[in-house]
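J.: Each chain is listed here by its residues.
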Amino acid sequence: MTPRTAPAGPTQALTDALAAEYAAIWAYGVIGVHLTEAARTAARSAEAAHRTRRDALILQLNDSGAQVPADQAGYALPYPVTDRASALKLAVEIEERTAGHWRAALPHTTGTDRNKALAALTDCAVRATRWRRTAKVTPITVPFPGRPS
Amino acid sequence: MALGGAAVPLTGCELFDGDKPKPPDPLEPLAAEAADLAGRYRAAIAAASTLADRLTPIAGAHQAHADELRRVIGRPAPSGTPAASPTVAATDPDGLLAELRQAEQQARENAAKACAAAPAERAAVLGSVAAARATHLEALK
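Keeping their order, the protein sequence lines are chains E and S. Note that the first sequence covers residues 1 to 149 in the numbering used here. Note that the second sequence covers residues 150 to 290 in the numbering used here.
A portion of the hints provided could be inaccurate.
Stated by the list, open to error - Heads up, simulated DSSO-like pairs for lysine-lysine below, C-alpha to C-alpha not over 30 Å straight-line:
(1) E/136 / S/290
(2) S/169 / S/262
(3) E/116 / S/262
(4) E/136 / E/89
Claimed, not checked - Short, incomplete list of chain E residues facing chain S, as computed with Cβ under 8 Å:
(5) 42
(6) 141
(7) 146
Unchecked claim - Where chain E lies over chain S, by a calculated footprint (3+ residues, C-beta under 8 Å):
(8) 209-223
(9) 256-267
Calculated directly from the structure, the hints in this document are not laboratory data. Don't be surprised by glycine CBs; every beta carbon is placed ideally from N, CA and C.
Required output: the full structure, derived from the provided sequences and hints.
T.: Listed below in structure tokens is the structure:
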């Protein structure tokens, strides 16, 4: 679940990242319901991190005079999320997908904006790693986080 | 009479600058570091086989980074580069993990700096290398 086409410019790259953050926040609502204890806490903290990125992106796009797309009311899940296993699978995929959009923003950014995009890519990659560990998926790391497969 | 396509172009560059070595690519240190890290993980696995399951994928990732960075640089490693045969100092699993964590931390910072300074066409691959190194730190916990 990585970007199908490369963004054409910085505004599109950041708008794509924002759309991915919206989707991630929505997905964690579904994911959290099927988790308990430490995993549920991790889902809440991941959701909060995606909200922070979303808010920063909206400010950034506003400041640059770009049109800020609104969130969608809902999203189609790639498969039914009905239990812990499917929730963890979705959590891994959501982080991989969001990492892909932040990676795609790197060539379109410089300076502090690139550092922000790298920090977001890194955070998504680390969360994907933690979710793989929770789901007992091995290996828990991938060689090139965010790279289209 | 056409003077043409088969002629060898005599550009100033080739004619006069051919003997000068090209300046080293700014990614050379990062490529060397990736190869060195791959070797350190292999050495750690040799020293403590109980770590093999955990460390083998990371050794593979560092080797993949070294290969990809070499491809991006577009020329072979500079001559005179010693063959990488890195070693590890610790002998117990905990000590080995601590040693690798320290190396990864430094390597992660180096990759992030390289990503920040890179031209657009290199930014994505360097971002993936930096992010991967951060995930290695997580896997070493």
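J.: Run every hint past the structure and note whether it holds.
T.: Here is what the structure says about each hint:
1. E/136 / S/290: Distance ~15 Å between residue 136 of chain E and residue 290 of chain S Cα, so the pair holds.
2. S/169 / S/262: holds, 29 Å
3. E/116 / S/262: holds, 13 Å
4. E/136 / E/89: It holds: about 11 Å lies between the C-alpha atoms, which stays within 30 Å.
5. 42: Violated. Min distance 13 Å.
6. 141: holds, 5 Å
7. 146: holds, 6 Å
8. 209-223: Satisfied; 5 residues make the cut.
9. 256-267: holds (count 3)
Consistency with the previously given hints fails for number 5 only.
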